[in-house]
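**Student:** Line by line, the protein sequences are chains A and B. Going from the first sequence to the working numbering is simple: count from 1 and add 16. Going from the second sequence to the working numbering is simple: count from 1 and add 126.
Possibly wrong hints are sitting among the right ones.
[Stated by the list, open to error] Distance condition first, Cα-Cα at most 20 Å in a straight line; then the derived EDC-like pairs of lysine to aspartate or glutamate:
no., chain 1, residue 1, chain 2, residue 2
1, B, Lys-290, A, Asp-123
2, B, Lys-314, A, Asp-96
3, A, Lys-134, B, Asp-222
4, B, Lys-306, A, Asp-123
5, A, Lys-128, B, Glu-305
6, B, Lys-200, B, Glu-271
7, B, Lys-246, B, Glu-272
8, A, Lys-136, B, Asp-296
9, A, Lys-59, A, Glu-93
10, A, Lys-59, A, Glu-114
11, B, Lys-220, A, Asp-123
12, B, Lys-299, B, Glu-289
13, B, Lys-295, B, Asp-225
14, B, Lys-295, A, Asp-121
15, B, Lys-220, A, Asp-121
16, B, Lys-299, A, Asp-121
17, A, Lys-134, A, Asp-123
18, B, Lys-299, A, Asp-123
19, B, Lys-178, B, Asp-296
20, B, Lys-290, A, Asp-121
21, B, Lys-295, A, Asp-123
22, B, Lys-178, A, Asp-121
23, B, Lys-314, A, Asp-121
24, B, Lys-200, B, Asp-296
25, B, Lys-314, A, Asp-123
26, B, Lys-159, B, Glu-272
27, A, Lys-102, A, Asp-123
28, A, Lys-115, B, Glu-305
29, B, Lys-314, B, Glu-271
30, A, Lys-128, B, Asp-296
31, A, Lys-133, B, Asp-225
32, A, Lys-84, A, Asp-96
33, B, Lys-306, A, Asp-121
34, B, Lys-186, B, Asp-233
What the hints contain is simulated information worked out from the structure, not anything from laboratory work.
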Amino acid sequence: MPSRESKVEVGRLVVVNYGKDNGKLGVILDVCDTMTCLVDGPKLKRGLVNFRRLAFTDIVIPVKRSMKTSTLNKAWEAADVDAQFKKTTWGQKLAQKEKRANLTDFDRFVVKTLKSKKNKLIAKKVKELKSKN
Amino acid sequence: MPKQKVAPKWYPTEDPPKGKALTKTLKKDAKPKLRGSITPGTVLILLAGRFKGKRVVFLKQLESGLLLVTGPFKVNGVPLRRVNQAYVIATSTKIDVTDVDTSGISDVPDKKTKRHFFSKVVPETKEEGEGEFVSQEAKKPGLTEERKAMQAKVDAAVITAVEKTSMMKDYLKSRFSLEKGQYPHLMKF
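Bound conformation, chain A alone (with noise of 0.2 Å):
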């Protein structure tokens, strides 16, 4: 299996999974030693990360090592990073998750309700065919 370290490279598009910046895309502009590295990002604030911080993502972004923020914040644009983020099973999650923890009440109480009504026509129709049998 592929050693964590194997992924740690500039350029390599990360999501940083613990502390204030929790759930945001970042890239890696350049390694300090065995286990930091200089992430920045759109939404990010360009400072040095543990890898333990960090889940490393397959995409990887041609920038340069050390980038000046708004030479990076260009080049995510010109990459569109966001979208092809997004594309990724991953990124479809995250979007879920976050979705899911906006809904207001009344989207709560619509999606229990369509989601019941489902189940109850999956639930008729797999009795009809169990009867038939």
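Please arrange chain B on chain A, whose structure you already have, making use of the hints.
**Tutor:** Leaving out everything else, chain B in the frame of chain A:
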């Protein structure tokens, strides 16, 4: 003999307010501030009392500071009622109640009758039957015709607004409850 100034026996702990500060302290009849999330038409979740868990429509803040809400009555059994905003969760769901006329409802007691819209109906005392021998047919105080008429009028307008959104009526019919894994401080209403 010159009048000697006697030292007062009692000194106040704080200097009494003067000027602007004084007028501020005199504002004791000011209406309690309404939460920013509560606007006319907001769906509220009642947290205490007989109708706890019910989702109701907020109509307006009365002069006493209490909130005027209605179920509507035909939808979930909550009549035109006063509710304290401390016992309420305001959801972000809003219903258009601009066509609802609640001007006839107030809880400021009338100067002559000392009664207002929500005052309890005083049952008529019967002359026959004293003490334990009170007639069993003593009338129970019900709602006045005024209240029933106002309820019907207000609800008709609210229901037409409610029916504009799909599933909104069913939403108001249901009661709010917490399920496993749901934490109010992490939920968005």
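**Student:** Hints first: check each against the structure and report whether it holds.
**Tutor:** Taking the hints in turn, this is what the structure says about them:
1. B:Lys-290 / A:Asp-123: OK: Lys-290 of chain B and Asp-123 of chain A at ~16 Å, within 20 Å.
2. B:Lys-314 / A:Asp-96: Not satisfied, since the Cα-Cα distance of roughly 31 Å exceeds 20 Å.
3. A:Lys-134 / B:Asp-222: Since the Cα atoms of Lys-134 of chain A and Asp-222 of chain B sit roughly 30 Å apart, the hinted pair is violated (cutoff 20 Å).
4. B:Lys-306 / A:Asp-123: holds, 18 Å
5. A:Lys-128 / B:Glu-305: holds, 12 Å
6. B:Lys-200 / B:Glu-271: holds, 17 Å
7. B:Lys-246 / B:Glu-272: holds, 13 Å
8. A:Lys-136 / B:Asp-296: Distance ~18 Å between Lys-136 of chain A and Asp-296 of chain B Cα, so the pair holds.
9. A:Lys-59 / A:Glu-93: holds, 13 Å
10. A:Lys-59 / A:Glu-114: Holds, at roughly 16 Å.
11. B:Lys-220 / A:Asp-123: Given pair Lys-220 of chain B, Asp-123 of chain A holds - Cα atoms ~13 Å apart, limit 20 Å.
12. B:Lys-299 / B:Glu-289: holds, 12 Å
13. B:Lys-295 / B:Asp-225: holds, 18 Å
14. B:Lys-295 / A:Asp-121: holds, 14 Å
15. B:Lys-220 / A:Asp-121: holds, 12 Å
16. B:Lys-299 / A:Asp-121: holds, 14 Å
17. A:Lys-134 / A:Asp-123: holds, 16 Å
18. B:Lys-299 / A:Asp-123: Roughly 15 Å between the alpha carbons, so the hint for Lys-299 of chain B and Asp-123 of chain A holds.
19. B:Lys-178 / B:Asp-296: With Cα atoms ~17 Å apart, Lys-178 of chain B and Asp-296 of chain B stay inside 20 Å; holds.
20. B:Lys-290 / A:Asp-121: Holds: Lys-290 of chain B and Asp-121 of chain A sit about 18 Å apart, inside 20 Å.
21. B:Lys-295 / A:Asp-123: holds, 13 Å
22. B:Lys-178 / A:Asp-121: Roughly 16 Å separates the two Cα atoms, so the pair holds.
23. B:Lys-314 / A:Asp-121: holds, 7 Å
24. B:Lys-200 / B:Asp-296: holds, 12 Å
25. B:Lys-314 / A:Asp-123: holds, 10 Å
26. B:Lys-159 / B:Glu-272: violated, 29 Å
27. A:Lys-102 / A:Asp-123: Violated, at roughly 23 Å.
28. A:Lys-115 / B:Glu-305: holds, 19 Å
29. B:Lys-314 / B:Glu-271: violated, 40 Å
30. A:Lys-128 / B:Asp-296: holds, 12 Å
31. A:Lys-133 / B:Asp-225: violated, 34 Å
32. A:Lys-84 / A:Asp-96: holds, 18 Å
33. B:Lys-306 / A:Asp-121: holds, 16 Å
34. B:Lys-186 / B:Asp-233: holds, 12 Å
In terms of the numbered hints stated before, the structure departs from hints 2, 3, 26, 27, 29, 31, listed from lowest to highest.
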